[in-house]
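Construct all of the structure, not just a fragment, from the sequences and the given hints.
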Amino acid sequence: MDATKKAPKVKKDSKDKIKVEFEGQLSAWERFRLKVFSMYFVKNVLVRICTYILLVGVSYIIIYPFISKLASSIMCREDFVDVTVMLISKNPTLDTYKAIIVDNRYFEAMLNTALLSGSCALIQMFVTCLIGYGFAKFRFRGNGFLFLFVIVTMVVPHSTLHLAMFMKFRYFDVFGIIKFLGGGVFEAVKILPFTEIDFTNGYVPFILLSITGLGFKNGLYIFLFRQFFRGVPDELEESAYIDGAGTFRTFVQIILPLSVSMLVTVFMFAFSWQWTDKYYTGVFFTSVTKAPYTLRDIIKIPRSLDTDYAGGNMYAAAINNTCGIMIIAPLIFIYCFAQKQLVQGIERSGITG
Amino acid sequence: MNAEAKKPNKIKVDSAPKKKKKIASLEKKKARVGYLFVLPFIIGLVIIYLPMIFQSINYSFHQIEQIRGGGGIRLIPVGFDNYREALFDDPSYVQTLLAGIGRILFDVPAIVIFSLFMAILLNQDMAGRGLFRAIFFIPVIISTGLISDIDAGNILMQNAGSSIDTGTGTNSVAQIVDVMDVEMLFSNMKVGSELVTYVVGLVNDIFNIVNRSGVQMLIFLAGLQSISPAIYESCEIDGATGWETFWKITFPMISPMILVNAIYSVIDALTRSDNVVMSYIEGVYNKPDGPTLTSAMSWIYFLIVFLLIALVSAVISAYVFYQRRDT
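So the sequence lines, in the order shown, correspond to chains E and G. My numbering puts the first residue of the first sequence at 1, with every later residue one more than the last. My numbering puts the first residue of the second sequence at 1001, with every later residue one more than the last.
Don't read these hints as lab results, they were simulated from the structure. Keep in mind that this is a model prediction, so the values were computed, not measured. Using N, Cα and C, we set each Cβ at its ideal position, and we do this for glycine too. Mixed in with the good hints, there may be bad ones.
Chain G regions said to be covered by chain E (calculated; three or more residues, Cβ under 8 Å) [stated by the list, open to error]:
| id | stretch |
| --- | --- |
| 1 | 1046-1055 |
| 2 | 1085-1091 |
| 3 | 1097-1104 |
| 4 | 1305-1319 |
Using 25 Å as the maximum straight-line C-alpha spacing, the simulated SDA-like pairs for lysine to any residue come out as follows [to be verified]:
| id | chain 1 | residue 1 | chain 2 | residue 2 |
| --- | --- | --- | --- | --- |
| 5 | E | Lys290 | E | Tyr203 |
| 6 | E | Lys43 | G | Val1046 |
| 7 | G | Lys1248 | E | Leu46 |
| 8 | G | Lys1029 | E | Leu46 |
| 9 | G | Lys1030 | G | Val1046 |
Here it is, written out as structure tokens:
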């Protein structure tokens, strides 16, 4: 009799929850009192509060600039000379946005940049994935030595290669082959009508650099992929080999589906860093008229806005900030969808140095 | 495919030692496929990257002369003139270089410690973790290139004095913590004045540090996630406090990531475009004779960068704890 009384009663048995009630348990108030008036609980609450204060504080530091930029972007011209205006405009207006869209041809620039960043990011994602897989899973001769070069591409400052990179693509040639075919040894026989190819002011340099894994920060992506694939157990591939799949089939059918979150992460990085890149565009887009009109060109004062007055400096800064907001707006939009994958991708990479 | 499939057949297998040989050749074959995977990089390296490196070194020993009409250029060898000009004639290059490197020694420890701290906070189980993570990683994708350029412009604007905050974050920090307060706090605590200036500098620079520690935070988070919860559980059972657990478990386990992050932070700090040395060099590029001088300057800079990274990795890897894993 006693045994049955002391045994817990199963009160509710739903799909994945079981509520168990014990005999002779304390009242709700007793339980509450025991829980709350203990050092353990108080300490936990205090730690939690401190954590939240810190996190909110740092989040505030990150977000505040955006708030103030947004606030100043809808200010009208007079607000900048008005001392009483701090953050909230007296007569909000969208004139700045309109002017940037119309005068600075925002949508044209955005389309061009989207085309450039999108294609670069896609290519870079696949190419660095391939390269990273090669470095991680195959012990070919010179693996470590080649990887050293990946590190070198990360470490060499951009400015070191500024001129060389421009010259490389301004007079593009592979070991003098094109020059040889175009006007080389035999004067009579010219296979090509030109001696070098001018790739500047176009998308070709970006594509070429992306295909060869030399694009913006590609060393980092290769590194990330290498670490990620090192964490993938070899047994997976071995079982695929035993089932008769070749290396590439294994890669496409087994490895790629595993690494979706990592792919999204790298795509996100590649896309957004190419989106706001000013270095490569600065090297290759030298001509104002011939180069594609990209987002870096919209950072200027629109013609229809007059900044020649007392608050001119402030107004100009606000306009520039508005340009910045409009540049990153599409990125924020994409980030909202991709951020979960982004964090997951990194977390599962199992980077271990 | 056929040719590859036939190859192993050539080595006839009929005895045990030869069988061993066959396995080795399969391994080799697999290794050869590895070359195919990294082929794009090899091609890029040989056709584009290495020639560019050599070209750039070459430029640093030459001066460029424009040929009129044709628009071509001619290189005049000048020996070490560019290097001499950069190091001795240029009034501000060496100063900028020293300032830039000092800045890095100042920033990198702060970034690494901050991002480790934040990653530990974000790794806890709590409500709104997803939201905080989303906010913390915004700078990773946004505060680069063009945007940091615009912000740099704003900082100049703010020195002129303004009532409306144009959104660079420097004002906001000043509103949160008054630097004077920090100084008071520390002088009451009787610590060295160097530490005071360091911390005050960090507080002033918090916006910058937060913005630059996004990737590092991600890497630390990944590391923290890979530590088995069972270890923490056993610590708790043995009665270890949180403080002890951090220094005895978390810190050693995460030390490889500290190495990676320190190196990444150094590289990032040295090569990002709002770095003083980088912007100085970019500025020189547009002067007459600039391009070749830039090459020389950047190669000097690269050498220092390389030495610094070697130093950092040597120092930290002496303290790194590697968990033994069966691979």
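(request) Report the numbers of all earlier hints that the structure fails to satisfy, in ascending order. (result) Violated hints: 2, 3, 6 and 8; rest satisfied.
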